[in-house]
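**Q** Sequence:
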Amino acid sequence: MKKIKRIIISIFAVVLLCFGIFFGTKFYYSRQVNTVEIIREVPVEKIVEKEIQISGETIRTSMANIGKLCTAEYNYTHVEKVDSSKEIYGYTIPFTTSMFIYSYDGTIMAGIDFTKIQIDKNDTEKIITVTLPDVEIISSDVDQDSFTLYDEKNNIFNPISVTDVADSFADLKNSEEEKAIEKGLFDRARESAVTLVENFMRGSYDVEDYDIEVRFEGA
Numbered sequence: 001m002k003k004i005k006r007i008i009i010s011i012f013a014v015v016l017l018c019f020g021i022f023f024g025t026k027f028y029y030s031r032q033v034n035t036v037e038i039i040r041e042v043p044v045e046k047i048v049e050k051e052i053q054i055s056g057e058t059i060r061t062s063m064a065n066i067g068k069l070c071t072a073e074y075n076y077t078h079v080e081k082v083d084s085s086k087e088i089y090g091y092t093i094p095f096t097t098s099m100f101i102y103s104y105d106g107t108i109m110a111g112i113d114f115t116k117i118q119i120d121k122n123d124t125e126k127i128i129t130v131t132l133p134d135v136e137i138i139s140s141d142v143d144q145d146s147f148t149l150y151d152e153k154n155n156i157f158n159p160i161s162v163t164d165v166a167d168s169f170a171d172l173k174n175s176e177e178e179k180a181i182e183k184g185l186f187d188r189a190r191e192s193a194v195t196l197v198e199n200f201m202r203g204s205y206d207v208e209d210y211d212i213e214v215r216f217e218g219a
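Going by my numbering, 21 is the number at position 21 of the sequence shown; the sequence numbering is gapless.
Quick caveat, the hints were computed from the structure, so don't treat them as lab data. There's no promise every hint is true.
Pairs of lysine to any residue residues, derived as SDA-like cross-links and limited to a Cα-Cα distance of at most 25 Å, are as follows [what the hints assert, rightly or not]:
no.: 1; residue 1: Lys68; residue 2: Ser140
no.: 2; residue 1: Lys81; residue 2: Lys126
no.: 3; residue 1: Lys81; residue 2: Val214
no.: 4; residue 1: Lys81; residue 2: Glu208
no.: 5; residue 1: Lys179; residue 2: Ser103
no.: 6; residue 1: Lys68; residue 2: Glu136
no.: 7; residue 1: Lys126; residue 2: Cys70
no.: 8; residue 1: Lys173; residue 2: Glu57
no.: 9; residue 1: Lys81; residue 2: Tyr150
no.: 10; residue 1: Lys68; residue 2: Asp209
no.: 11; residue 1: Lys81; residue 2: Gly106
no.: 12; residue 1: Lys173; residue 2: Asp145
no.: 13; residue 1: Lys81; residue 2: Asp143
no.: 14; residue 1: Lys68; residue 2: Glu57
no.: 15; residue 1: Lys116; residue 2: Ile127
no.: 16; residue 1: Lys179; residue 2: Val194
no.: 17; residue 1: Lys68; residue 2: Ser139
no.: 18; residue 1: Lys81; residue 2: Ile127
no.: 19; residue 1: Lys81; residue 2: Glu176
no.: 20; residue 1: Lys68; residue 2: Tyr150
no.: 21; residue 1: Lys68; residue 2: Lys81
Pair ranges (Cβ atoms, derived) [claimed, not checked]:
no.: 22; residue 1: Phe147; residue 2: Lys179; range: 12 to 22 Å
no.: 23; residue 1: Asp211; residue 2: Thr148; range: 46 to 56 Å
no.: 24; residue 1: Leu149; residue 2: Glu198; range: 44 to 54 Å
no.: 25; residue 1: Asn75; residue 2: Ser55; range: 32 to 42 Å
no.: 26; residue 1: Val207; residue 2: Thr148; range: 43 to 53 Å
no.: 27; residue 1: Asn122; residue 2: Glu217; range: 42 to 52 Å
By construction, the Cβ of each residue, glycine as well, lies at the ideal position given by its N, Cα and C atoms.
Can you make the complete structure from the sequences, with help from the hints?
**A** Here's what the structure looks like:
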């Protein structure tokens with residue numbers, strides 16, 4: 001009887017051990033599965049997307065720091081002939097003619113004042129509208145060192161001075177600026193500004209899903 005009793009106790013112990021291993025293993029793996037599920041529930045993508053969201057004001061402030069920027073340049077050489085004679089009642093007095101020919105170089109720069117830029121970023125329609133002030137002349141300079149006198153015929157009865165003409169450079173610059181605009185200086189400046197804005201925004205911000213529309217005030 002004692003031998004049978006020991007056998008029954010041994011069998012019971014083995015059964016308890018098997019149950020313990022079975023339920024212990026099941027509990028261990030259920031804990032592992034639950035852990036993985038909790039990790040998957042963390043919305044990592046949404047958190048990152050919110051962190052890199054760029055506002056229109058952020059873009060505007062960044063581009064406003066550019067200040068006034070030249071986007072087109074016009075170089076010219078102005079040649080002028082000055083011819084002066086004494087007259088009486090509309091008739092030229094003989095031997096009173098003075099004349100000289102001179103030239104000088106100049107540069108006119110046109111561009112945009114980016115401090116006046118406006119940005120409207122529509123995240124629903126995926127459109128960024130950029131409104132720029134119209135093009136203006138940034139600088140208009142005459143190279144004084146380029147002044148060249150080609151021919152000079154002065155008359156003691158009617159002397160004229162090259163200095164007198166050089167003093168009128170301001171009026172001559174205005175004339176050259178008008179010519180530059182007529183020859184498309186402002187049009188080229190606008191085209192370059194549009195390209196600059198698009199390249200700046202594409203290169204600086206993640207806006208590849210947006211359409212960029214560039215406009216000019218008054219256009």
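**Q** Going through the earlier hints one by one, which of them does the structure break, listed in rising order?
**A** 2, 3, 4, 7, 8, 10, 18, 20, 21, 27
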